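K.L.:
With the sequences and hints as input, model every part of the structure.
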Amino acid sequence: MKQATLEKLQVAARDGQCRLFYFDEAGFCGSPPVQRSWSPRGLPHAIEPNHHCRRNVMGALNFAENSFVHAASSHTVKGPHVEGFLNDLICQGDGRPTVIVLDNASIHHGIDQVTLDRWFIEHKALLFYLPPYSPELNLIEIVWKHFKYHWRRFATWTKETIDAELEILLNGYGSKFQVNFS
1 MKQATLEKLQ VAARDGQCRL FYFDEAGFCG SPPVQRSWSP RGLPHAIEPN HHCRRNVMGA
61 LNFAENSFVH AASSHTVKGP HVEGFLNDLI CQGDGRPTVI VLDNASIHHG IDQVTLDRWF
121 IEHKALLFYL PPYSPELNLI EIVWKHFKYH WRRFATWTKE TIDAELEILL NGYGSKFQVN
181 FS
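Start counting the sequence shown at 1; every next residue gets the next number (the UniProt record's numbering).
Read the hints as simulated data drawn from the structure, not as lab findings. Small disclaimer: the values here were computed from a predicted structure and weren't measured. Keep in mind that the hints are not guaranteed to be accurate.
What the hints assert, rightly or not - Think about it this way: if two alpha-carbon atoms lie no more than 35 Å apart in a straight line, the pair counts; the simulated DSBU-like pairs of lysine-lysine are: (1) Lys2 / Lys176; (2) Lys148 / Lys78; (3) Lys159 / Lys176; (4) Lys78 / Lys2; (5) Lys159 / Lys148.
As the list claims (entries may be wrong) - DEER-style ranges, computed between Cβ atoms: (6) Met1 / Gln113: 20 to 28 Å; (7) Lys176 / Asp15: 25 to 33 Å; (8) Tyr149 / Glu122: 38 to 46 Å.
Quick reminder that beta carbons are idealized off the backbone N, C-alpha and C, glycines included.
P.N.:
Here it is in structure tokens:
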């Protein structure tokens with residue numbers, strides 16, 4: 001049922017009747033994931049962890065425009081951060097109804113009813129929660145996958161370079177690389 005509703009929302013967004021965003025968070029570490037490696041014969045494989053180079057990113061994929069809005073932070077993403085990001089996204093509306101698709105993370109459910117009502121009345125915006133354990137319905141998950149495994153250079157980011165490298169990666173969506181959802 002939710003999938004059928006999403007398909008109808010996608011058609012409406014393509015026709016310009018509403019704005020449809022897919023929202024989620026992702027973490028980026030300084031060291032890229034190591035798929036394969038080698039070590040000298042007789043010695044175990046060892047990698048130096050880089051724990052202090054992590055950035056958490058909140059992102060929203062605009063379905064109709066296939067554009068990406070994001071905010072990165074070195075801090076853990078919490079409910080008030082999500083609410084602030086969504087509020088900024090909603091307030092930038094153009095008068096059309098706005099639907100934001102979210103998964104069931106607990107920080108997505110911490111928005112009080114007064115704020116939800118205000119968003120609905122003032123901006124014609126509502127949140128659309130996906131069923132549990134259905135990441136395949138949240139299209140931003142595909143974008144995160146491509147950011148992390150296909151578009152990121154295989155290089156270690158240091159504390160000095162992580163912000164600049166992540167900004168280049170995230171701002172490249174739409175110009176350097178893009179996912180086609182047609």
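K.L.:
Please flag the earlier hints that this structure goes against, numbers listed from lowest up.
P.N.:
none
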